[in-house]
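The primary structure of each chain is shown beneath.
Number of protein chains: 2
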Amino acid sequence: MSNPLRVGLAGLGTVGASVIKLLERQSTALASRTGRAIAIAAVSARERGRERGVDIAGFQWFDDPVAMAQSADIDLFVELMGGDEGPARASVEAALGAGKSVVTANKALLAKHGMSLATLAEKQKVALAFEASVAGGIPIVKTLREGLAGNEIRRVYGILNGTCNYILSRMELEKLSFEQCLREAQRLGYAEADPTFDIGGFDSAHKLAILTSLAFGAAVDAEAIHVEGIQSISLADLEAADELGYRIKLLGVAERSEHGIEQRVHPTMVAKSSAIAQVMGVTNAVTIDADAVKELTLVGPGAGGEATASAVVADIADIARGIRSAPFGLPVALLGHVARLPMQRHEGGYYIRLCVHDRPGAAAAIATRMAERQISLESIMQKGRGGRGVSTGAPVPVILITYATSETTIREALEAVVKDGYIAERPQVIRIERD
Amino acid sequence: MSNPLRVGLAGLGTVGASVIKLLERQSTALASRTGRAIAIAAVSARERGRERGVDIAGFQWFDDPVAMAQSADIDLFVELMGGDEGPARASVEAALGAGKSVVTANKALLAKHGMSLATLAEKQKVALAFEASVAGGIPIVKTLREGLAGNEIRRVYGILNGTCNYILSRMELEKLSFEQCLREAQRLGYAEADPTFDIGGFDSAHKLAILTSLAFGAAVDAEAIHVEGIQSISLADLEAADELGYRIKLLGVAERSEHGIEQRVHPTMVAKSSAIAQVMGVTNAVTIDADAVKELTLVGPGAGGEATASAVVADIADIARGIRSAPFGLPVALLGHVARLPMQRHEGGYYIRLCVHDRPGAAAAIATRMAERQISLESIMQKGRGGRGVSTGAPVPVILITYATSETTIREALEAVVKDGYIAERPQVIRIERD
Numbered sequence: 027m028s029n030p031l032r033v034g035l036a037g038l039g040t041v042g043a044s045v046i047k048l049l050e051r052q053s054t055a056l057a058s059r060t061g062r063a064i065a066i067a068a069v070s071a072r073e074r075g076r077e078r079g080v081d082i083a084g085f086q087w088f089d090d091p092v093a094m095a096q097s098a099d100i101d102l103f104v105e106l107m108g109g110d111e112g113p114a115r116a117s118v119e120a121a122l123g124a125g126k127s128v129v130t131a132n133k134a135l136l137a138k139h140g141m142s143l144a145t146l147a148e149k150q151k152v153a154l155a156f157e158a159s160v161a162g163g164i165p166i167v168k169t170l171r172e173g174l175a176g177n178e179i180r181r182v183y184g185i186l187n188g189t190c191n192y193i194l195s196r197m198e199l200e201k202l203s204f205e206q207c208l209r210e211a212q213r214l215g216y217a218e219a220d221p222t223f224d225i226g227g228f229d230s231a232h233k234l235a236i237l238t239s240l241a242f243g244a245a246v247d248a249e250a251i252h253v254e255g256i257q258s259i260s261l262a263d264l265e266a267a268d269e270l271g272y273r274i275k276l277l278g279v280a281e282r283s284e285h286g287i288e289q290r291v292h293p294t295m296v297a298k299s300s301a302i303a304q305v306m307g308v309t310n311a312v313t314i315d316a317d318a319v320k321e322l323t324l325v326g327p328g329a330g331g332e333a334t335a336s337a338v339v340a341d342i343a344d345i346a347r348g349i350r351s352a353p354f355g356l357p358v359a360l361l362g363h364v365a366r367l368p369m370q371r372h373e374g375g376y377y378i379r380l381c382v383h384d385r386p387g388a389a390a391a392i393a394t395r396m397a398e399r400q401i402s403l404e405s406i407m408q409k410g411r412g413g414r415g416v417s418t419g420a421p422v423p424v425i426l427i428t429y430a431t432s433e434t435t436i437r438e439a440l441e442a443v444v445k446d447g448y449i450a451e452r453p454q455v456i457r458i459e460r461d
Numbered sequence: 027m028s029n030p031l032r033v034g035l036a037g038l039g040t041v042g043a044s045v046i047k048l049l050e051r052q053s054t055a056l057a058s059r060t061g062r063a064i065a066i067a068a069v070s071a072r073e074r075g076r077e078r079g080v081d082i083a084g085f086q087w088f089d090d091p092v093a094m095a096q097s098a099d100i101d102l103f104v105e106l107m108g109g110d111e112g113p114a115r116a117s118v119e120a121a122l123g124a125g126k127s128v129v130t131a132n133k134a135l136l137a138k139h140g141m142s143l144a145t146l147a148e149k150q151k152v153a154l155a156f157e158a159s160v161a162g163g164i165p166i167v168k169t170l171r172e173g174l175a176g177n178e179i180r181r182v183y184g185i186l187n188g189t190c191n192y193i194l195s196r197m198e199l200e201k202l203s204f205e206q207c208l209r210e211a212q213r214l215g216y217a218e219a220d221p222t223f224d225i226g227g228f229d230s231a232h233k234l235a236i237l238t239s240l241a242f243g244a245a246v247d248a249e250a251i252h253v254e255g256i257q258s259i260s261l262a263d264l265e266a267a268d269e270l271g272y273r274i275k276l277l278g279v280a281e282r283s284e285h286g287i288e289q290r291v292h293p294t295m296v297a298k299s300s301a302i303a304q305v306m307g308v309t310n311a312v313t314i315d316a317d318a319v320k321e322l323t324l325v326g327p328g329a330g331g332e333a334t335a336s337a338v339v340a341d342i343a344d345i346a347r348g349i350r351s352a353p354f355g356l357p358v359a360l361l362g363h364v365a366r367l368p369m370q371r372h373e374g375g376y377y378i379r380l381c382v383h384d385r386p387g388a389a390a391a392i393a394t395r396m397a398e399r400q401i402s403l404e405s406i407m408q409k410g411r412g413g414r415g416v417s418t419g420a421p422v423p424v425i426l427i428t429y430a431t432s433e434t435t436i437r438e439a440l441e442a443v444v445k446d447g448y449i450a451e452r453p454q455v456i457r458i459e460r461d
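Order-wise, the sequence lines are chains A and B.
Quick note: the first sequence uses the numbering used here, first residue 27, plus one each step.
Quick note: the second sequence uses the numbering used here, first residue 27, plus one each step.
Hints are computed from structural coordinates only; laboratory data are not their basis.
Do not take every clue at face value.
Since the list gives no way to pick one copy over another, a pair counts as held whenever it fits inside one copy or between any two copies.
What the hints assert, rightly or not - When the alpha-carbon atoms are kept at most 30 Å apart in a straight line, the in silico DSSO-like pairs for lysine-lysine are as follows:
id, residue 1, residue 2
1, LYS47, LYS320
2, LYS201, LYS320
3, LYS445, LYS298
4, LYS298, LYS320
5, LYS298, LYS201
6, LYS151, LYS138
7, LYS47, LYS298
8, LYS149, LYS138
The following block holds chain A by itself, in its conformation from the complex:
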């Protein structure tokens, strides 16, 4: 058996502590599987003395993660600090620069600096592994990078943020408001005190940027992602979705067409019968459409200390085995700079909820505005207000489901509808994703 692989671990939060526990618990099995003992040699965190449920007294301590990253006492640097600049970036660059492989769970860092870090790893002939950065414990990076090596991928999409899926699931199942469910998510530790990053869709976007690169052999381009969060989703939308045979999920979708790559994060109507619609609560799921395998779906925990640590340890084990794939599947020079399609070019079906002043001619005017732009309606649903038989002029909900049209067309039509003055509120627009 070779020398032990000496790991330096920076960041001792929930995931860091779980990595220490897992490596200890599985040390014999890991050595047998990889042919090499794996040993934590050094650790670094902001505070040395904090209680973490793991004993770090046996490891060399570094106040400065950059110093640890460059230390001759470690072979592999594991970055679990987070943040797209600062110590995380500096120490990962230092480790790669010093010729050490890196394992990280840091999606923000990869979304922003993935290309320069992969270039550095390649130059130094070391591994840069990040299974834990997307969808927690689900081995989606390995699946895209190795498991589907013979496929041309057409689309990858998924539920990439457990907080949002928890909130949408609870709203739907318990008929609660967005605000109530958000507070509940915060109470349970599923959402941060400032939840913007999760519910605004930005966390999903970071993960989608990484998936897009792996799936399509394209350079990471997080800036090109169209991002909408779930703040505007109301119970009325969830109930209408239910009646129409849909569920609403915050999806990250990356799709390749002849014109380029579309990357978008937004609330999405998915058929209730689809695999992705079954995924409730904090669970994540990713579906891949590819030419050979057709459709493959992976469902599992998207967060949590142990689940994320499972992915970190799998990366460490691969490095112990001597496996070193190109970080994004292809050498950086071969990653394409493919055109990213703006959201206006998106084509698909739409769910539109309008709050219409109940006046004669309203429905006709809306239908006319749609027809003028060749938008075909799959269904139209107007909720009565129950048996009074007279128009009161008070707003009523009208729900439209369109056949495929373009984002530009639908926006123009809705602008015209708004101008006509029949609408009491800003129209709600949710895109429909076909499986």
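Take the given structure of chain A and dock chain B to it, following the hints.
Just chain B now, kept in the frame of chain A:
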């Protein structure tokens, strides 16, 4: 770039032809991903001239796959002939013996000779890869062998046979008989003319034997699997399952307890809300319960030329990259010879459908037989025959759902019930699997 990896392909059926097409279609991408060109150098099949939709004129032809396996003109032998003895076994042994890596989709061969082949591969320091042997295009072997390296797995279970799942799905959705659905499956090419191997559960058992070894680091032991097929499942069972909140799936289940490993293939009641229950038609799915990742489910195509070829090509790409893991995750000497639990030791809930002569005292007698053996009933459902208000003595269905008990206990209780003479038919017993 290194020398091309020269592939010899034995077996040119649907999967073999698809492998040729995929390797050609993806040749540039594969060379970029793996750093090495992959080229088919030689092929072998029973009939040279048959029309296969692919041009094999450019490849060296071998009548004898064993000769090809040993040829100096190939680096890697791909076995797609099938069969657990004969040419498949002889040529795989010949290739490994000649120091060539092997990729195979042959579950029967691995279930029977997996240990001796892995020993040979290890001795020769070559790869023996078989992603395509279990669940077609789903990368479950890689996930167990590499993706979950840091986990201790408690249970792995899944829908491993598309034919059975197709038949059960159609029976349920269209209220058709088993025989009708089997004929339909045969017409569509989902079932063989002699369907015993699929519907009897034997195909699932071969796959389960491989999964068990990978999940638990244990030697393959297909003989120890308890196997029941779906022939006895009736519409009455599917309808009762539906009313009780379950679906019936043919599952392969391997579970580790303190006493040993349980391996079983049988029709199973799964909660309608579970991920596995959503899987309809020819699709396969595998769920893994493990200590760190908790629950992970992979859903995808379990058969078909292109999907299976996707798995074969992923294995070829790994070998081109120089990845060589122990075939069953651990060196053969470290694979445990863990006790396999006989089915009598199984503990779980049971669904029991009895066809009871409608005579006074029948229900009381059945309940007594259960109570005598401390079997607790979660529910009992007796279907009336509609409003006549008199007992006619004709048989009526009685359905029992038990809490956890042992296989031995339930069999003894049912034997006593049968002896009491109230039962018109052999009791139907279906085990319940909790998610």
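When no copy is named, should LYS151 and LYS138 be tagged within, between, both, or neither for a Cα gap of at most 30 Å? Intra 22 Å, inter 41 Å, cutoff 30 Å: intra-copy only.
Homo-oligomer pair classification [LYS320, LYS47; C-alpha up to 30 Å]: Close across copies (15 Å), not inside one copy (38 Å); limit 30 Å.
Given a CA cutoff of 30 Å, do LYS298 and LYS320 count as a within-copy pair, a between-copy pair, both, or neither? both (20 Å within a copy, 25 Å between copies)
Since the copies are identical, ignore which copy is meant and state whether LYS47 and LYS298 lie within 30 Å (CA to CA) inside a copy, between copies, both or neither. neither (39 Å within a copy, 35 Å between copies)
Same-copy or cross-copy closeness of LYS149 to LYS138 [CA-CA at most 30 Å]: Only inside one copy: LYS149 and LYS138 sit 19 Å apart there, 46 Å across copies, limit 30 Å.
At most 30 Å between C-alpha atoms: does LYS298 with LYS201 qualify within a copy, between copies, both, or neither? both (17 Å within a copy, 22 Å between copies)
Within a copy, between copies, both or neither: where do LYS201 and LYS320 come within 30 Å Cα-Cα? between (36 Å within a copy, 28 Å between copies)
Indicate which option fits the pair LYS445, LYS298 if close means a Cα-Cα distance not exceeding 30 Å: within, between, both or neither. neither (34 Å within a copy, 48 Å between copies)
Hints 3, 7 from the earlier list are contradicted by this structure; the remaining hints agree with it.
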